[in-house]
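A.B. asks: So the sequence lines, in the order shown, correspond to chains A and B. My numbering numbers the first residue of the first sequence as 1 and each following residue consecutively. My numbering numbers the first residue of the second sequence as 1 and each following residue consecutively.
Do not rely on the hints blindly, as some may be mistaken.
Here are the simulated lysine-lysine pairs, BS3-like style, with alpha carbons at most 27 Å apart [stated by the list, open to error]:
1) Lys687(B) with Lys158(B)
2) Lys172(B) with Lys158(B)
3) Lys17(B) with Lys135(A)
4) Lys416(B) with Lys161(A)
Derived by calculation from the structure, the hints in this document are not laboratory data. Nothing here was measured: the structure is a model prediction, and the numbers come from that model.
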Amino acid sequence: MISLRNLSKYYSAGALKTYVLRNITLEINEGEFVSIMGPSGSGKSTLLHIMGMLDEASEGEYLFLDKPVHKFSEKQRSELHKDHIGFVFQSYHLIDELTVYENIETPLLYQSVKKDERKSMVADILDRFNIVAKKDLFPHQLSGGQQQLVGIARAVISRPKVIFADEPTGNLNSAQGKEIMELFTLLNKQGTTIVQVTHSESNAEYGGRIISLLDGWLQS
Amino acid sequence: MLTNHLKIAFRALWRRKFTTGLNVIGLALGMTAFFFLMEFASFHAGFDSFQANADRLFRIVGTTPEGSQDNVSPMMLAMRSQVHGIEAIPTFMTSASGIVTYKPDNASGASQAVTFKEEDVAYSNNDVFKAFTFQFLAGNADLDKPNTMVITASAAQKYFACGENYQRVIGKRLLVANQFAPTEYAVTGVVRNLPENSHLRGTMFFSLQTLANPTNLGDNSWARLVPDNGSAFLTGYLLLRDGTQASSLAKQISELSKKVDPSANITWHLQPIRTIHTGNGFSDPLPNAAALKYVVIAVSIALFVLSLAWINYINLSTAFGLSRAREIGVRKTIGATRGHLVVPHLLECAMLSVAALLLALTSVELLQSYFNSLLGAELHLGYVFQYGIGAYGIGAMLLGAILSGSYVALVLTGVKPIIVLRGNFTRSANGRFVRKTLVIVQFAVSIAFIAGTLIILRQLDFMSHRDLGMNLEQLLVIDGPQIVENNSLSGNPALVFKQEVERLPFVKQVSGSQNIPGQGYNFSAQGIMRPSGHSDDAKQSYKILQADENYFNTYQMTFDQGKGFQKSDNLGGFKFRSVVLNEASVTQLGFKSSSDAVGQFIQWGNPSEKGQRWQICGVVKNYHHKSLHDAIEPIIFLPSAAATGYFSLRVTIENVQANMAVLEALYKKILPGNPFTARFADDIFQKQYENDVRIGNLFAVFSIMAIVIACLGLFGLTAFAAESRRKEIGVRKVLGATDASIIALLSTEFLKLVAIAFVIACPTAFWLMSVWLEDFAYHVELRSGFGVLVFISSGIIAALIAFITIAAQARKTAQANAIESLRYE
Chain A
1 MISLRNLSKY YSAGALKTYV LRNITLEINE GEFVSIMGPS GSGKSTLLHI
51 MGMLDEASEG EYLFLDKPVH KFSEKQRSEL HKDHIGFVFQ SYHLIDELTV
101 YENIETPLLY QSVKKDERKS MVADILDRFN IVAKKDLFPH QLSGGQQQLV
151 GIARAVISRP KVIFADEPTG NLNSAQGKEI MELFTLLNKQ GTTIVQVTHS
201 ESNAEYGGRI ISLLDGWLQS
Chain B
1 MLTNHLKIAF RALWRRKFTT GLNVIGLALG MTAFFFLMEF ASFHAGFDSF
51 QANADRLFRI VGTTPEGSQD NVSPMMLAMR SQVHGIEAIP TFMTSASGIV
101 TYKPDNASGA SQAVTFKEED VAYSNNDVFK AFTFQFLAGN ADLDKPNTMV
151 ITASAAQKYF ACGENYQRVI GKRLLVANQF APTEYAVTGV VRNLPENSHL
201 RGTMFFSLQT LANPTNLGDN SWARLVPDNG SAFLTGYLLL RDGTQASSLA
251 KQISELSKKV DPSANITWHL QPIRTIHTGN GFSDPLPNAA ALKYVVIAVS
301 IALFVLSLAW INYINLSTAF GLSRAREIGV RKTIGATRGH LVVPHLLECA
351 MLSVAALLLA LTSVELLQSY FNSLLGAELH LGYVFQYGIG AYGIGAMLLG
401 AILSGSYVAL VLTGVKPIIV LRGNFTRSAN GRFVRKTLVI VQFAVSIAFI
451 AGTLIILRQL DFMSHRDLGM NLEQLLVIDG PQIVENNSLS GNPALVFKQE
501 VERLPFVKQV SGSQNIPGQG YNFSAQGIMR PSGHSDDAKQ SYKILQADEN
551 YFNTYQMTFD QGKGFQKSDN LGGFKFRSVV LNEASVTQLG FKSSSDAVGQ
601 FIQWGNPSEK GQRWQICGVV KNYHHKSLHD AIEPIIFLPS AAATGYFSLR
651 VTIENVQANM AVLEALYKKI LPGNPFTARF ADDIFQKQYE NDVRIGNLFA
701 VFSIMAIVIA CLGLFGLTAF AAESRRKEIG VRKVLGATDA SIIALLSTEF
751 LKLVAIAFVI ACPTAFWLMS VWLEDFAYHV ELRSGFGVLV FISSGIIAAL
801 IAFITIAAQA RKTAQANAIE SLRYE
């Protein structure tokens, strides 16, 4: 599903190029649960952002569902992103002004899903994630674990093919972290491809494959 | 979807109460100023637009190489039958002011006679009511018959206490005593008061036809209603028939004019009545009130203030947008397109604008009477919506809202999500430059306004404390009588009154004169010269004032040389033995000095006739007869023991109320039928500065407004700077910087902007205020220690206010926990 060929990312400062990613070639198939690991500054997040179409590579090819993303305009990329990709962040990034219900509903609004359908989809997710009682609360009224649950609910509501998670448990205690990772496992079993960036060996174990990065180079 | 958007926009605004508050207040302030200024502009631009026939109604104006003239009686009388295309020729004669009395007939009981002095009255023909828009409340106009009149509702209530029942007034008779023979007029109609924005004024219209009767004319042969009367005492208008071209008609009139008087070199114009107030452009050669410049100034300031407010909104919104950028980034990662994001921002802007608009309309409503008293006008919001200019104004306001809202929406939604999510979101140097420029402009305007206010206040102070060359304190001025019934036994009752007043214990001195300082002269005269003078000297103009022998010592003027005249210096029938000059006259007449002039002769008219050659008996030192706007003019004082236009009384300071009552009783007894009007001379003099005081007040108000708006902008910029330098400040604190040093760090940057503003504002304000001061013949000097002081203190005031604004924000940042700011990474 995701196919990277000789992909590099660098920042130019005058004549000097600072490489973040170097010559990455990588295949991720549908239904996989992949963990990207590596020390700080090794380029994991950048790789995730490029795969998630939030950022662009400087060189190389990127095929998503066999479509050449590296040749796409920003608009085409954001269409693709909207339809197939969900994002989960370390610091949740919920929208402060919106209730739990509205946060989860928002992606559907952007996809012009009809009102009745929206209602049942959100109700379904709230139910599955066991957060029905919290639906009218605002993010600041929730614990970190609960906020991340909402973040994941928001990411999966539009039934994406793949979820990119950037250190999803980084701000959580171990019990909350475990809960989230179990949720990911469940989603993966139901067919969603999951790519996560993590520091934690134990979290990485949940995935079927570990990709290691060091100084922008792909290890192993 | 829309309700959802509205709900979210409302929540977003509510969450950032502080920014929202600043935005609403800033916008409301701008809009309030905008509405007030547009009221003023629309009022002046819409003058006479209420006239139903405005498109066909013209004033007749004749111009000669020497100037223009709107009093054109000879022509008007000839025109009616000889020029085609005219529907009506409304005609006025405005020199009609006098005493009007209502004496209830015996049948209606023993109620008192009602008497007032009326200034705003005119003689007119019946065409006036055909051509101009009047709303009749009772009766109708019948002014082609003699001894009829039409009055306004306010006049009807004043004289007849008729309440709303104007029908009662029809047929009632008023006695009018003015320069013509006292005559009675019957009311045939009552009209609604003329609107404020009418160039035509008046509370009473007497039938002009009345003066066709020589008995009623008295000895005023200049006002004979015949075409061959050369006097220009009538003001004329034309109501053209539909389809008549004004230009072709003007040509016909000019041709007729040559037939009537081949020697006259007059060009005739038809002036559209709507241009009488504003002028037809800035260089309209025809006489007009030149109000266009006020319209242009007001509209410019209005648009300027409004755009400052909108730019402030942009400034604040983009500066505080940092916190919103994250949200926008998040929304983009969950699938929002730019279109999805722009709508809620526009909605937010719309909600802010509506809130500001409501606040502004409320403020306008609440502050209207205060604003009106500042301007001395009767304005209301209705004017803004009444005429075209107001519609453009509202359009400009909408456009501003849409443009600034869109700009903010575009800037905020333009951010790339990745940049935001990475957490190193910084604004372009470009936006920072725009904001800095804005702050400079705003402070330049503020400093200029503050300097302007200080200069105006200083000039007002200068004028009220300048030695006028006379003493106006404790000096009471009583208007002389208009109705004087000579009694052969005791002589002129006005003079009797003067004698009686002189005997009162609280009166130190009394003088009678035909006019008074602070008001005017009798008339201007040319042709006065020394016997040895050159013929060109005859072109010099002198002000003539007739006064009695007590005038100089009552006003406590000082003689440079010689002394005042005697009662006996008046030889009767405008012939005089000796006269008094002021120093300006001495110079203009060509004498070397006052001592050179005293004892010499001057002449007016035929010097061989007795009393046309006047000996100079004294020279009074220059004093300010008029306001300091005017240079001291050459005045010639003619002795007139019988001058009773005004009585000036030097009175003691005690019991003013009681003494006034004594004077009034005496006045009513000796001069029955005349209204008693007493004013203090210094009040009369100060009244000349009414407009200047108003301008000073307006400047003060706009200074405050400008500085508040400027501070809002500055506040936004400081908040932004503090936010974006949070990390730097955190590091500095960890390294041991004190709060004070951090406040200094943040303040210096902005005080630099104020300094630049100061450099821009000073020459601009200096130039503008010099232009304003040129209007005063005697004024404070800007090129002096005072000028330097004004500009420096304006700069200091602005800098101080700016510093307080900055420091309040900087202190918060400085005291924030350094670890908090650093942990943000």
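A.B. asks: Determine for every hint whether it applies to the structure shown.
C.D. replies: Each hint tested on the structure:
no.	hint	in the structure
1	Lys687(B) with Lys158(B)	holds (25 Å)
2	Lys172(B) with Lys158(B)	holds (13 Å)
3	Lys17(B) with Lys135(A)	holds (25 Å)
4	Lys416(B) with Lys161(A)	holds (23 Å)
The structure is consistent with each of the numbered hints, conforming to all of them.
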